Each structure stands twice: as structure tokens, then as C-alpha cells.
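Here is what each chain is made of, one letter per residue.
There are 2 protein chains.
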Amino acid sequence: MTADERGLPGIQRDVPTAIHVQISEHIRLRIASGEWPAHYRLKSEPELAQEFGVSRGTLRRALTTLIEEGLLRQVRGRGTFVTSTTIEPAIAQKLSTLSEDFASQGVVTTTTVRECALIVPPKPVAALLDLAAGTPVLSLTRVRATDEGPVALLSNFVRTDLTPGIERVDFTSASLFGVLEGTYGLKIATARRTFGAEAATPAVAEALALDEGAPVQYLQQVTYLADDRPVEYSDVWIHSGRLRVTSLLVRR
Amino acid sequence: MTADERGLPGIQRDVPTAIHVQISEHIRLRIASGEWPAHYRLKSEPELAQEFGVSRGTLRRALTTLIEEGLLRQVRGRGTFVTSTTIEPAIAQKLSTLSEDFASQGVVTTTTVRECALIVPPKPVAALLDLAAGTPVLSLTRVRATDEGPVALLSNFVRTDLTPGIERVDFTSASLFGVLEGTYGLKIATARRTFGAEAATPAVAEALALDEGAPVQYLQQVTYLADDRPVEYSDVWIHSGRLRVTSLLVRR
Chain A
1 MTADERGLPG
11 IQRDVPTAIH
21 VQISEHIRLR
31 IASGEWPAHY
41 RLKSEPELAQ
51 EFGVSRGTLR
61 RALTTLIEEG
71 LLRQVRGRGT
81 FVTSTTIEPA
91 IAQKLSTLSE
101 DFASQGVVTT
111 TTVRECALIV
121 PPKPVAALLD
131 LAAGTPVLSL
141 TRVRATDEGP
151 VALLSNFVRT
161 DLTPGIERVD
171 FTSASLFGVL
181 EGTYGLKIAT
191 ARRTFGAEAA
201 TPAVAEALAL
211 DEGAPVQYLQ
221 QVTYLADDRP
231 VEYSDVWIHS
241 GRLRVTSLLV
251 RR
Chain B
1 MTADERGLPG
11 IQRDVPTAIH
21 VQISEHIRLR
31 IASGEWPAHY
41 RLKSEPELAQ
51 EFGVSRGTLR
61 RALTTLIEEG
71 LLRQVRGRGT
81 FVTSTTIEPA
91 IAQKLSTLSE
101 DFASQGVVTT
111 TTVRECALIV
121 PPKPVAALLD
131 LAAGTPVLSL
141 TRVRATDEGP
151 VALLSNFVRT
161 DLTPGIERVD
171 FTSASLFGVL
181 EGTYGLKIAT
191 ARRTFGAEAA
201 TPAVAEALAL
211 DEGAPVQYLQ
221 QVTYLADDRP
231 VEYSDVWIHS
241 GRLRVTSLLV
251 RR
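Protein chains in written order, with UniProt numbering: chain A, 1 to 252; chain B, 1 to 252.
To be clear, the hints were calculated from the coordinates, so they are not data collected in a lab. Some hints here could point you the wrong way.
As the list claims (entries may be wrong) - Here are the in silico distance ranges between beta carbons for each label pair: (1) A:E69 / B:A132: 24 to 32 Å; (2) B:A90 / A:V15: 54 to 62 Å; (3) A:E181 / B:T86: 29 to 37 Å; (4) B:T110 / A:A132: 41 to 49 Å; (5) A:S55 / B:D227: 23 to 31 Å.
Claimed, not checked - Which residues of chain B face chain A? A partial, calculated answer using Cβ under 8 Å: (6) E88; (7) R193; (8) V216.
Predicted model only: the values in this text are computed from it and were never measured. Ideal Cβ positions, reconstructed from N, Cα and C, are used throughout, including at glycine.
My request is simple: use the sequences and hints to build the entire structure.
Below is the structure:
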């Protein structure tokens, strides 16, 4: 089947635009139209070259352009895929943190600390952290943003009996798990994370630059140490248009 | 510390109500008020018995009542926990299906099949399923409900070149993965699931008995066979008030 038969404008050999530029543009349009969605795996290079009626070298030049533009990515042994335009951390599948996942994906984020102070937590939080009512904890509220804007509002409550002085850490640059494990030598072992959809409250809407009532991805977490003591409770609200939680799962 | 010191009405020995009934009621109130939230781990039995100033036998009788009521559950070797009132499938962590997760948790659901027919899928779905445009697939639309009401709307597109005749299966009782693996002998190997929050469209709102625009948990999935061929694409909308996706995660 040729590109023409698939309803695409054909490759034109009698125009000054180079063939590989025309092919890049065809693929770009398919991605832009959604016909080739995120994670779509392209056919093999020989198949595509045949489809476009060009040499493999020409095809490869077109693909290289799109890879450089960030529209395609190649995975060794698996093929060429359309890139996702949203950030896709695997935080439902692995006990990594957003900042660790951003780092591993090469996503650059900035952190704004909105609160970093000792407070008495709400009673349900105290209960989940195994603390007597009235015991102070660190309340850490942060907004993480990419160059597109805010992607997550994080509210953590951290046991300070395990982390004396943590309220003096600068969390603009330090990560919470990094500080717990590195500075305090705590052995983070397990966590329970639950995910749900919520309507943005005024505070969440303001932090994520969304309309009040807009749907936001909500994540609640309790983190436990190797000795089974809870160390941290968090509420996280995620801008669902900019970040999708992803799991790559294996059957049984 | 006694129950009184924690701000609870004390155990009264000069009233006709049995002590263990009073203790059950105290705990019930703490759970109802949210002071002891879902997944809160109660103190050990000796500690609680001392706190209430009763024998371990009396305490155990009170706990047994609450376990029978479904408010508490005991996990061997870990302790006694407050039960969650929402269903919490681990579908972000494991490649199980909602129906498998419901079955393992003892949640009884009913399935209503809204569509089970061969259709030509939208182009992005065809692309993700590695199908030429125009190839028909099974479109299977189902609503799963518990006795509280609908919990999920599922829309699956299944490759029929791998599953000839699948449109004649009665999915009111059969599960999709069960049919793919059992009837067709397919080896389901991996899946990519992404999670996000969306506003309920009119169709989703109607199916889940929610207001239009209400936040719903959205899940998108592509399932692959052992030979890496995609077999199924799905969109799932979850009633977030009735079902929270949960992951129990282990660090590194």
C-alpha cells in the first residue's frame, strides 16, 4: 500500500522540497491529527520505506529529524514510537517519587516551597503516623512546575521524632526522600498509595493554575520504614493535562 | 494514658451496658469521626486493653464485634486495621483486571453489557492495535456495579483477527481476560496503563450516575501478548467515590 492509498498527500518528486523533508512532514501531520497517538509503534523501517516508495537512507533521515524534534523515540529492540506529550511518571507502579521520576525521564522541574514548618497535624494524619494527638510534625507544602506550568501540589506531613531539625532543610533543592534516606539514614521500605479523581478546591486550583472544580488527579500516601513505622503522610494533587500516572505491567 | 485522658467518654462501670459494648461504641465513634481513618493500625491488644482499663478478653470481644461489622480487619503478623469503605483494586500495580481484583477482595459486582458488536474503531485505536484503517474490532462496552451502584464504565476494543467469533460471547458473566486466555489461548503478557482525572461527559455521567462534569478517574490501557502484538485497547472511567486505585509499593 502506498502513502497515497492511505489517504495521505503523496511524495512529490517534482518539487524543490527534499523527499525526506516531505516524509517528516507527513509523519508530523499524522501525529498532530492524533491518527498516530502517543505510544504508537511505527512499522519497521523497511516497511515504511516501501510504503513511502523511498530508500531506507531517506526514510532514516526523516525519522532522525522527528527524533531530534522529540516527536519520536527509538527503543532498542522494540522499534520507533510516538512520544507522549504529557509527563508519565510510574509512581503507581514503583515506590519512586515524582522528583526521582522526573530526573530519570530528564524532565526539568522547579520547586516552590509554600510551607515548611512544625504544626500539629489533623487527627486522621496523626493516627496514620502513629502519633499521639498534639504531637507536632513537619508540614511541607510544595508546588512542582515544568516550563509549561505547575504539574503537582504536594502536601507532606513528616514525623519529626525521626527527623529532628528537618524544618531547617531547604526543600527548594533537596528532595524529601533524599533527605529522609541521606541526611537521617532512614530505611524507607514500603508505601500505600491510593489514586482518585477530585474536583479542584480553591487552594488546589490556585496552585495548579486550573479553574476551581476542574478534575485533578489526587494521590494519598503513607510511607513506612523497614521496621514498619510510618514516617510520612502525603496528599498530592496532579494537573492531569500535564502529567499522567503510568504503569507498565507484567501479567502474573 | 487512659481513654479519658485522650478526650473520650470513659468506660462506665455503673451502667447496665456491658463494658465490651461500650468499648466497641468508642471505637466506632472514632472511626465514624475520621479520627481513626481507613488503614489506621490500632495499637496492640495489650496496649489498648490497658488504655481502656479492661482485660484483654473484654477488649477482644469488642474488637470481634467490629470485625464482624466490617469496620476492622486483622492481618496476621501485622495487627488490626480500620477497613476502607471504598473498594481498592491494585490495578495500577498489577496486571490484574477489575473483575479479578473484585473477586480476590470478595466484592460482588454485576455487569451490564451495553454494546458487544463489530465496529471500525477510531484511527488512533486502530494505530495502537497495529491494524490497517478500516479493520473491524470488537467494541465491548460494560458497566460494573456493586450494591451501592455503578463503579466503572469500561469500553474495550479487541482485535478480532486473534479472537474470531468473540462477538457471540456473553460478557454478562464472562470476563474479557478470561475469554482471551481461556477460550482463545492467548498469552497476555504486558500492558501499559495510564491514569488521569477527567470531567464526566454526559455519557460517562449517565453510566456512573454522577453529575455531568463531576471528576472521574480515567484509565487508558493497551494490552500486549507475549509476542508483543497488541490485543486490546481500553478506556475505563471509574467512580472515584466508590473505588480508589491502590498500590502497595516496595522501595527499590
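**Item:** Interface hint compliance - V216 (chain B) to chain A, C-beta minimum distance less than 8 Å
**Value:** Since the shortest Cβ distance to chain A is 5 Å, the answer is holds.
**Asked** With a cut-off of 8 Å, does the beta carbon of E88 (chain B) approach a beta carbon of chain A closely enough for the hint to hold?
**Response** Holds. Min distance 6 Å.
**C-beta pair T110 (chain B), A132 (chain A): status relative to the range 41 to 49 Å that was hinted** = 45 Å, holds
**Request:** Take the C-beta atom of E69 (chain A) and the C-beta atom of A132 (chain B), compute their distance, and say whether it sits inside 24 to 32 Å.
**Result:** At roughly 27 Å between Cβ atoms, A132 (chain B) and E69 (chain A) fall inside 24 to 32 Å, so the hint holds.
**Request:** Take the C-beta atom of A90 (chain B) and the C-beta atom of V15 (chain A), compute their distance, and say whether it sits inside 54 to 62 Å.
**Result:** 55 Å, holds
**Asked** Per the hint of 23 to 31 Å, is the separation of the Cβ atoms of S55 (chain A) and D227 (chain B) within bounds?
**Response** At roughly 30 Å between Cβ atoms, D227 (chain B) and S55 (chain A) fall inside 23 to 31 Å, so the hint holds.
**Request:** Go through the hint on R193 (chain B) and say holds or violated, using the shortest Cβ distance to chain A against 8 Å.
**Result:** Holds, because the Cβ-Cβ distance from R193 (chain B) to chain A comes to roughly 5 Å (cut-off 8 Å).
**Asked** Between E181 (chain A) and T86 (chain B), does the C-beta distance stay in 29 to 37 Å?
**Response** Since the Cβ atoms of E181 (chain A) and T86 (chain B) sit about 31 Å apart, the hinted range of 29 to 37 Å holds.
In the structure shown, no violation is registered for any of the earlier numbered hints.
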